[in-house]
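Assemble the whole structure, with the sequences as input and the hints as a guide.
Each chain, written out:
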Amino acid sequence: MAQETAKHNFEISDITQKIIANIDSGVLVLDDELNIHSFNKWLELHTSLKEEKVLNKKINDLFNNINVKILTRKIKTALKIQTPTYYTSNTSKYLIPIQNNQIGTSKYSFMQQDVSIIPLCDVKKLVALIITNKTNMANTHALLKENIVVVEKLHNEVIKEREIIDRRVLLVKINKELIITDASKAYLKLSNYTKDQLLGKSFFSFKKYNFSKKLKEEIIHHIKTQSLFKFEYKTIIKNAEELWFKVTLVPEYDINDKHIGFLLFKNNITASKELQTHQEQVILNSRFTAMEEMINMIAHQWRQPLSQMSSIFINIKLKKDLGTLDAQYLDNAHNDIYNTIQYLSTLIDDFRGYFNEDEYITEVAFHNIFEKSKIFIQSNQKIDKITYIQNIDKDLKISTYKNKLIHVIVNIFKNSIDAFKDKKIKNKKITINATKENNYILIHIIDNAGGIKKDIIKKVFEPYFSTKSKNRTGLGLYMSKKIVQENLNGTISVTSNNENTDLLIKLPLQL
Amino acid sequence: MNLEKITFNDDEKDVLQELINIAYGNATAIVADILDAFASLSVPIIEVMTINELLFKFNNFKHSSYFFSTQAFIGDFSGECAFFINEESANNLAKHLDIDNVADLDDAILELTNILTSSLTMRLAQEMHTEVTYSLPNISKIPLSELSNSKTLQYYSQVIVIDTKLNFKEQHIDGQIFILTKDGSMQWLKKQLNIILKSLI
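So the sequence lines, in the order shown, correspond to chains A and B. Just so you know, we're using this note's numbering here: the first sequence kicks off at 1 and counts up by one. Just so you know, we're using this note's numbering here: the second sequence kicks off at 1001 and counts up by one.
Calculated directly from the structure, the hints in this document are not laboratory data. Some clues are possibly wrong.
[Stated by the list, open to error] DSS-like mimics (lysine-lysine), calculated; alpha carbons at most 30 Å apart, straight line: (1) A:LYS404 - A:LYS273; (2) B:LYS1057 - A:LYS145; (3) B:LYS1165 - A:LYS76; (4) A:LYS125 - B:LYS1095; (5) B:LYS1169 - A:LYS69; (6) A:LYS50 - A:LYS145; (7) A:LYS69 - B:LYS1165.
This is the structure:
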């Protein structure tokens, strides 16, 4: 029996020795004076020290990084309480310096270790130190710590950006049921509503939005199809002020790409709407002015032919009363009246065309445009004794909106005529040069009315800018530039010196 | 997770209080011997509470700078010791142990946690004729304000909280220890308390 027990104990001891030799941990036996009593194979391999060379030596003589005081205290504590004490890699990094030979991106030069100090024999004051490699875990911790810092930084940036968006972007959120779920501070500030007054309200039933039936249908269509939609609408905010918003409706999805509602990014366009209305009014004013001028021109143009026809009728009556009316005279009178009526009819057509908004692009010889333009300023031509000089190739043709171009040239002529007024200039002349350059026509309209001062030349195309009498609107050149750029796809510019002003219009030959 | 509320009757509470008093007496002596300083442990307060109630109790520590360390004990009687020590006390502990760098200060706090956990629970386990083993102690780096998100705490539904104060009067070191036991251990504990009760009759 005793033999069997001895055999069993021997076997167990042998097994234990084998386990200690091959375990993937350092196993070291020390006494409370720090003398080494055992040093397993793992430690031999990692430190390149053989057990027989280190036995009975003090561990702190082999590894001088060891804090003797702390290790001694931990050993004594373990022996005293008869439970393990510890070093942890989190706080102590390592007990025995072992070079880290890992190929990779380890953050540590030395193996990071957890050490358990287990009491073995209270009489001999022996403890076992179990050393476990925790480098991978420490690397993971370090990486995690670094990433936490990065994530925290990003998180703070996101919060900051969200605050900026909240303060600056006009944003309203609605859920799939079209209930308002959130609104940015910027929107609340502008609309003068509190969150309580908006949140929970139905987007369409919120009466202040006041959408037209057609717009509502369009919005519903885009909501159903979850598609992006841009629209404008007018609303009344809490203090009864009217605001115009340009809205972009964007479907909102959660992180799993599930549709959760819509974002409405709003842009306050009230100021630009007011400017647009103002510009429309400017254009209307300009048209009224032009029409008034036109009526005066028609009256002027008609006066002479009407008086001519009146004379013919008086002469017919006189000749009839005197009995001298013959067939030849009647034929001649008929022809004169007919020609005059034709002339009046052409004049009406020309004037009507001048205001025709729905005209088509037509090909026309440019010198005809010049001639037609002159008709509209004939009265001034005679009164002001202005000479018109044209250098226009008769074969030069342009495909464009003819009447709009006439409108521009007439405006420029009128501008020059106005410039001549109040100035004693001999040989008043307006020169028009038209040349072809590649696919463009360059039209120079030059007057010798004394030029434009340098400080105001930049303003001549601005609306309501006029250096002339109070009767002028100051819209002529503004309208000309608008027509050239927006309708005729061209450019207009001005240069001037003390004598001459040169308006240059560049237009495509084919619009 | 066992959601059934476990309660202790007055007899069970008396026995438990007695066992804990023995364990605390032992711990006081060991701590004083090892740290070479006279320590006192207040009479422990034993309460069964939910995790929310416990977190509310921990809430008191949020307002000042505290080190928070834990150590698990494993066996029939298993759970976790939580030790709070404020910055001033930790610095005084460092001074007492001649420690002059932060890493060693953390290590000293862990050592104190280990001594307290071992000396308290080992004796308690012995009195209840069982054994316990220990995990490595850990200094928690999570802010106390985020403690309620801690995974470990989510494993508990209710806990026995044994709350006591450690005081080294001369060294001006104060700490507070909570021994927290999990649901299964509470069942086991109740059973053991009744065995002890029967042996006393």
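Consistency of the hints with the structure:
no.	hint	verdict
1	A:LYS404 - A:LYS273	holds (27 Å)
2	B:LYS1057 - A:LYS145	holds (29 Å)
3	B:LYS1165 - A:LYS76	holds (25 Å)
4	A:LYS125 - B:LYS1095	holds (28 Å)
5	B:LYS1169 - A:LYS69	holds (24 Å)
6	A:LYS50 - A:LYS145	violated (38 Å)
7	A:LYS69 - B:LYS1165	holds (28 Å)
Comparing the model with each numbered hint stated earlier shows that hint 6 is the single one that does not hold.
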